[in-house]
Amino acid sequence: MNDVAVQVSGLIKSYGGVRAVDELDLTIKRGEIFALLGPNGAGKSTTVEILEGFRGRDAGDVTVLGIDPVMATRSWREKVGVMLQSTSPRSFLTAREALTHAARLYSNPRDVDDMLNAVGLMDKAEEKPQELSGGQRRRLDVATALIGQPELVFLDEPTTGFDPEARRQFWGLVESIAADGTTVLLTTHYLDEADHLADRIGIISAGQLVALDTPEGLRQRATGARVSWREAGATHAETTETPTAFLRNLLAQHEGEIDRLEVTHPSLEDVYLDLIATPEAEADA
Amino acid sequence: MSTAAAQAPSWWSMTVDRTRVELKEFLRSREQMIFIFFFPMMLLALFGAIFNTDDLYGTGVSFGQYFLAGMIASGILNTGFQSLAISISIDRSEDVLKRIHATPLPPTAYFTGKIIQVLIVSIVQVALLVAMGVFLFDVELPTDAGTWVTFTWVFVIGLAASTAWGIATSSLLRNGKAASALLTPIVLALQFTSGVFFVFTELPVWIQNIAQIFPLKWLAQGMRSVFLPESFEAAEATGSWQLPMVAIMLSVWLVAGLIISAKTFRWLRVEDR
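First to last, the sequence lines map onto chains A and B.
Taken in order, the first sequence gives residues 1 to 285; the numbers are from the numbering used here.
Taken in order, the second sequence gives residues 286 to 558; the numbers are from the numbering used here.
Looking at chain A on its own, in the form it has when it is part of the complex:
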């Protein structure tokens, strides 16, 4: 059995002469949670929709679960779960009815009640989407994506508009799917979400992958620490590769307490902002 779920090389997709995806390369292993992170308009959704078999491409090779998604077959659709970026629309079917009908399309579906329990919608099973909150609707969407027991599931910005509590619950659900061996491709513009869930993070900016690493690996890219303090009513700050030496020096120059002394290391967010800022800076230069 092949241990690669998604293989992309040299992917190009243009709209009106503008490259939304510009020679992207990507490999996702079976069983991993992979997060594709990037600002709006970076090409995340275009890439994912190409992998889902919805969009064509201008160039490049794409293989998802062994086949080119533009040739999507019924048996391939059985193995791929899709949670779209758009929330489930108004419907005349209740959550339970929608899931029951969806389950009947698959060879080996999950139990509808189990699924409703897993996403915490058992109490709302007889409600229609328009009677549910935004977060509950997204949980119905993820249940629909998972009902067929897919090998690979796409979650496209799944927690946009969630409150922190709902986001935590959702993360737990994604972790339990992954624990069952399902490969998860998540797109998000929330850094904490990618950090919390992903085995690896791909950062996409202007249609290109600008970084591909584990959350820890990305964090380690941060070099330099910021030392700041207050002196004579003004805040001073220094960014340095050798904070300890700098501090020693600083302490030697000051007797007694130094007001508001702080040493901070760049967060994952700083690394991320730095990475997505680079291509534009180059373009400006």
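In short, the hints are calculated from the structure, not lab data.
It cannot be assumed that every hint is accurate.
[As the list claims (entries may be wrong)] Calculated cross-link-like contacts (lysine-lysine; reagent style DSS-like; alpha-carbon spacing at most 30 Å):
1) B:309 with A:128
2) B:548 with B:462
3) B:399 with B:548
4) B:399 with B:309
5) B:548 with B:309
6) B:462 with A:128
7) B:309 with B:462
8) B:399 with B:462
9) A:128 with B:399
[Stated by the list, open to error] What follows is a set of in silico ranges between Cβ atoms, one per label pair, in the way DEER data are often shown:
10) B:556 with A:107: 29 to 37 Å
11) B:556 with A:39: 18 to 26 Å
12) B:330 with A:74: 46 to 54 Å
13) A:70 with B:466: 29 to 37 Å
14) B:433 with A:160: 52 to 60 Å
15) B:413 with A:75: 40 to 48 Å
Even glycine gets a Cβ: it sits at the ideal position worked out from N, Cα and C.
Starting from the known structure of chain A, fit chain B onto it as the hints suggest.
What follows is chain B alone, placed relative to chain A:
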């Protein structure tokens, strides 16, 4: 992971289930039930009561009887064309089609489910209209098999053409929300000019000439040949029911609708391709 022998659901079981979904959606939609299903019945009761001419051109046919044939034709156009064009274009705008496309449901099962739903709704609708005609306007049901054969093919080809154009039109409309506002005047204009609300031969000749390009005129004329007595045939525009022409015109519209549907149907919104 379940270890049960994985057997893919059959095409028929998926189609039957899809039909159930479509019927639930139709029956629970107030808009579909009022403006598509009951509308022709409301008009039949209303117009039949307002225009109480008992004897059109000395043929012994009342306006209510004439109107019944037109309302059956309109019902077929409502359920096949208007309802499908609006509901599919809304489904495309709201990504419902995209969601369906992401599942293993074969496209043929999706379309067959829609078609069976349209067929069931239309049969019930026409049966109720005919019952109203019999009880309110003393329409006499045909007694010979040949007339029922005519009814069957006019109904089937007329509904098939309407359905094909419903699907085709859904792809031509970019915005699901605008579909209803755009199509209602078109359907009304067809009804006014095709001999549904008025007796066809009373319309100005130039309107008759335009209307006979469109299928509703032929559908209504075919239905009149079934539900009106033979004595009325002489009062038709050419003094004949023109059944061969009814068959030709409806079939041409059917084929054109099928070609346009097949060439233009998309699961995704325009901006998503």
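Has the given pair, residue 462 of chain B with residue 128 of chain A, been kept, meaning a C-alpha gap of at most 30 Å?
Holds: residue 462 of chain B and residue 128 of chain A sit about 21 Å apart, inside 30 Å.
Range hint compliance [Cβ, residue 70 of chain A to residue 466 of chain B, 29 to 37 Å]
holds (36 Å)
Does the hinted range 40 to 48 Å hold for residue 413 of chain B and residue 75 of chain A at CB?
Since the Cβ atoms of residue 413 of chain B and residue 75 of chain A sit about 44 Å apart, the hinted range of 40 to 48 Å holds.
When you check the alpha-carbon spacing of residue 309 of chain B and residue 462 of chain B, does it fall within 30 Å?
holds (21 Å)
Kindly confirm whether 29 to 37 Å is satisfied by the beta carbon distance between residue 556 of chain B and residue 107 of chain A.
holds (34 Å)
Could you grab the alpha-carbon distance between residue 399 of chain B and residue 548 of chain B and see if it respects the 30 Å cut-off?
holds (18 Å)
Restraint status (C-alpha distance of residue 399 of chain B to residue 462 of chain B at most 30 Å):
Satisfied, since the Cα-Cα distance of roughly 20 Å is no more than 30 Å.
Satisfaction of hint between residue 309 of chain B and residue 399 of chain B, Cα-Cα up to 30 Å:
OK: residue 399 of chain B and residue 309 of chain B at ~12 Å, within 30 Å.
Sort out whether residue 462 of chain B lies within 30 Å of residue 548 of chain B, counting only the CA atoms.
holds (23 Å)
Given the hint of 46 to 54 Å, check if residue 330 of chain B and residue 74 of chain A actually sit that far apart at their C-beta atoms.
With a Cβ separation near 48 Å, residue 330 of chain B and residue 74 of chain A satisfy 46 to 54 Å, so the hint holds.
Is 18 to 26 Å respected by the C-beta to C-beta distance linking residue 556 of chain B and residue 39 of chain A?
holds (20 Å)
Just to be careful, I want the Cα atoms of residue 309 of chain B and residue 128 of chain A compared with a cutoff of 30 Å; is the pair within it?
holds (13 Å)
Every hint from the earlier list agrees with this structure, and none is contradicted.
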